[in-house]
Amino acid sequence: MKQSRLPLVTTLLLLVFFYLPILVLVITSFNSSRFGTTWEGWSLHWYRRLIQEREVLHALSNTLIIAVSATAVSVVLGTTAAFALHRYKTRLQRFHYTLIYTPLVVPEILMGISLLLFFVAIRMDLGLFTIFLAHVTFCISYVAMVVLGRLQDFDFAIVEAAQDLGASWWASTWRVLLPLLAPGILAGGLLAFTLSIDDFVITFFVAGPGSTTLPIRIYSMIKHGSPPLINALSTLLLLITFLVVWASQHLTRESS
Amino acid sequence: MNIPGLSRLLIVLSILTALPACQQSKPVLHIYTWADYIKPELTHRFEADHQCWVIIDTFDSNEAMYAKIKAGAGGYDLVTPSSYMAKIMDDQGLVQQLDHRLLPNLKHIDPDYLKIAIDPEMHYSVPYMLTNTGLAYLKSRVPGFEPTWKMLDRKELKGRVTMLNDMRETIGAALKSLGYSLNTINDGELDAARDVVIRWKRNLAKFESEQYKTGLASREFLLVHGYSGDILQVQRENSDISFDVPVEGTSIACDDFVVTRNSKEVMLAHQFINFMQEPDIAADNTNFVAYLCPNKTSYPQISEKIRQNPGVFLKPEIRAKSEVIQDLGANNVKYTRIWDQIKAAN
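As you go down the protein sequences, you meet chains A and B in turn. Quick note: the first sequence, position 172, residue 172 per my numbering, numbers continuous. Quick note: the second sequence, position 199, residue 1199 per my numbering, numbers continuous.
The hints are simulated quantities; they were obtained by calculation from the structure and are not laboratory data. Please read all numbers here as calculations on a predicted model, not as lab measurements. No false leads were slipped in.
Some, not all, of what chain B presents toward chain A, calculated at C-beta under 7 Å:
# : residue
1 : W1034
2 : I1056
3 : A1071
4 : A1073
Note that beta-carbon positions come from the ideal geometry of N, C-alpha and C, so glycine has one too.
Whole structure, please, built from the sequences with the hints as guidance.
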C-alpha cells in the first residue's frame, strides 16, 4: 500500500507556520534599514549598535536573573504544593487548590496593580526582588498545575514498594518519586521560565528604578525607538536558546 | 540537574546581583523616560562631570507611567511625561516645584513656545522635546500636495491614507480644519468636527499610531497623519518622504522634565535638567533624537536638515494658529463620546 503523503505535508506546513516568522525576523535583523519592510542590504550594523547599548544589555541581564531565580524557586514550591494537593483531600486542601488556581484566571493587570499596592503598603523598595516575588507568585500556579497533572496518573504503589524493600523516605523520594515526576517538573519549570522571561504587564507595575526588564524596554522601543535592535537581540536570544536545548539534549543522551 | 552546575549558576547570579551594590558609593540619578530619548554619550558625559551614575528606565505610555507613580512606586528622580500629564501629576502633588536658581540655562528656552505651554513659568516642568503633528507624504506619488488638512479628502488617495489612532490628535485635526480650537468643549463645534472625521474615515486605510512609519517607508501608505519626530527618522531612510504642517494650524506636543516629589537626588536632577539645556548639548541631542529641544540658543547649531524642515520649525503664522493639547478633566468625556461615534460610523 502506498503511504499517505498527508502527514508529511501537514508537518511541513506546520513547520513553515511556526518557523517562517522567526526566519523573517532573523533575516530582517541583518537589514541595514531602520524600518524593516524595505531591504537596504546586508549589514551587521544593528548587532554593533546592540553591543554599545548599555541599557539594553542591562535589561537583558535583569530578565535572565529574574527568570532563572523565579523558575528555580517556583519549581520547588509548585512541586511541593502539587504533592500536598494530590495526597491530602481535606477541606483545607480544597481551599488551597482554589488559592493555587486563582492566579491563572485573575487578569494580569489586576495582579500587577494589587502587588504594587501591597509592596508600597509594606514599604518594600521596588526592584529586582519585588519582580522576583511577583514572578514566583504566578509561576507557582503553572508549575503546580502541570505537576498535578503528572501526579494524577502516578502509581504510588511504586513508592510503597520501594519502602517495603527497605528504602528510607528520603531514598524513595529522591530515587523513585522525583525521577518519575521529572518530566512533569521540567515541563512546569520550562513553562515558568517562558512566562517569566516575557511577562510585561505585572513586571511593569512591580519594577523599580534600575530594574527595567527586556519586555519593558522592548515595548518602549516599539513606540519610541529603533525596532531593528530588537530583531538583532531576538536573534541572539534564539541562538542562545537553541544552544541550550542542544546542549541539554546532548548531556542527557550521554548520561543515559 | 547536576548539583555543581546549579551552585555555579548561583555563584554567577550572586555576583551579578552584587554588581549594582558596588555602584552605591556614587550618587545615582534615576530617570524614567521613553526608549532612545537621550543620546547615550551625553548621559556618560554627565556621569563623568558629576561623579554619579545615571540609570534609565523606560515606559511606553503616559497613562501606564502615571498609574504606577500614582500608586506609590518611588525611586525615580526625573520623569519625562507629556505636558498634559505633567499638569495632572502636578495637580496630584506627585512632582516638585523647581528651584530656578539651580537652572540658569532656562534663559535659553524658546519664549515663543512658552507662550503656548501649559506651564509657561516653568514652575514644575521644563520643556524637553517638542514634536508637531502634521502630514507626511511620498513626493513621487502625491503630486500637487498642499499643506492643508483638506488633503485627507483627496479621493485619488483612497485607502492609502492613515490618521493617528488618538482621539485628541485626530478630532483636533478636524477642529483645526474648521478653524476651531483643538481644546474646545463647545458641543456644536465638536459635532461638526465629528462629521469631518467621519468623512475622512471613508478615505482612510485605518487609524494607526505606530506602524504608519513603516507603512510610509515601504510605500504602502501615501499620505499619513503623524509626528514630526517619527517622520524625521523615516526620512533618513527614504528621501522621497516629505513632511509639512497644515496652514490651518496643528497640535504641538511637548515632553517635559519633572522632578518627582519623593526624589532622593533633587540636586542632581536639577543639574541634569540644566545640563540638557546647555545649548551645544541640546543641539547634539536634537540631532540624535530627531525631536526638537525648544532651546532657542541651540537652534543655529542644529543640523541643516532639521533646521530647514518646515514641519519642525513652523512658520510664525502657522505657529500662531497651533496649540498644545490640554487635559480637559471632566470634559474629556465629550471627546470620548464622539470618538466612539466616529469608530462606529461607516
